[in-house]
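Novice: Per the working numbering, the sequence shown starts with residue 11, numbered consecutively.
Source of the hints: derived by calculation from the structure; they are not laboratory data. Note that the Cβ used here is the ideal one computed from N, Cα and C, for glycine as well. Take these hints with a grain of salt, some might be off.
Said to hold, decoys possible - Simulated restraints, written as ranges between beta carbons of each label pair:
id, residue 1, residue 2, range
1, Val64, Glu13, 31 to 37 Å
2, Thr30, Thr57, 18 to 24 Å
3, Thr66, Leu24, 28 to 34 Å
4, Phe47, Arg22, 15 to 21 Å
5, Val64, Gly20, 27 to 33 Å
6, Gln18, Phe54, 16 to 22 Å
7, Glu13, Thr66, 31 to 37 Å
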Amino acid sequence: MYEIAFQQLGYRMLFTDLETVVFNHLRVSPSQLHPNFLAFLRAFEMTAGYLGIVPTL
Numbered sequence: 011m012y013e014i015a016f017q018q019l020g021y022r023m024l025f026t027d028l029e030t031v032v033f034n035h036l037r038v039s040p041s042q043l044h045p046n047f048l049a050f051l052r053a054f055e056m057t058a059g060y061l062g063i064v065p066t067l
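Between the sequences and the hints, there should be enough to build the whole structure, so can you do that?
Specialist: Here it is, written out as C-alpha cells:
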C-alpha cells in the first residue's frame with residue numbers, strides 16, 4: 011500500500027534499539043504487531059528515560 015513512499019520517495023521508519031530488540035526477540039516484523047504496541051513501547055521508553063532507567067528487554 012505504501013510501497014511507493016518507501017521505495018520511490020526514500021521514506022524510512024527508524025526504530026529505537028529497544029524496539030529492534032523486541033522485534034527480534036518476538037521474531038516478528040513491525041507490521042505483525044498492533045499499531046498501539048509501538049505507542050506503548052515508546053511511552054515505556056520515555057517513562058524509563060524520565061526515571062533514569064535504561065529500558066531493556
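Novice: Take a look at whether the Cβ-Cβ distance between Val64 and Gly20 falls inside 27 to 33 Å.
Specialist: 32 Å, holds
Novice: Falls inside 28 to 34 Å, the C-beta gap from Thr66 to Leu24?
Specialist: 19 Å, violated
Novice: Between the beta carbons of Val64 and Glu13, is the distance compatible with 31 to 37 Å?
Specialist: 36 Å, holds
Novice: Regarding Phe47 and Arg22, is the given constraint of 15 to 21 Å on their beta-carbon distance met?
Specialist: The hinted range 15 to 21 Å holds for Phe47 and Arg22, with Cβ atoms some 20 Å apart.
Novice: That 31 to 37 Å hint for Glu13 and Thr66 (C-beta), does it hold up?
Specialist: Since the Cβ atoms of Glu13 and Thr66 sit about 34 Å apart, the hinted range of 31 to 37 Å holds.
Novice: Do the beta carbons of Gln18 and Phe54 sit within 16 to 22 Å of each other?
Specialist: At 34 Å between Cβs, range violated.
Novice: Starting from the range 18 to 24 Å, see whether the pair Thr30 and Thr57 falls in it by beta-carbon distance.
Specialist: 19 Å, holds
Consistency note: the structure conflicts with the earlier hints numbered 3 and 6.
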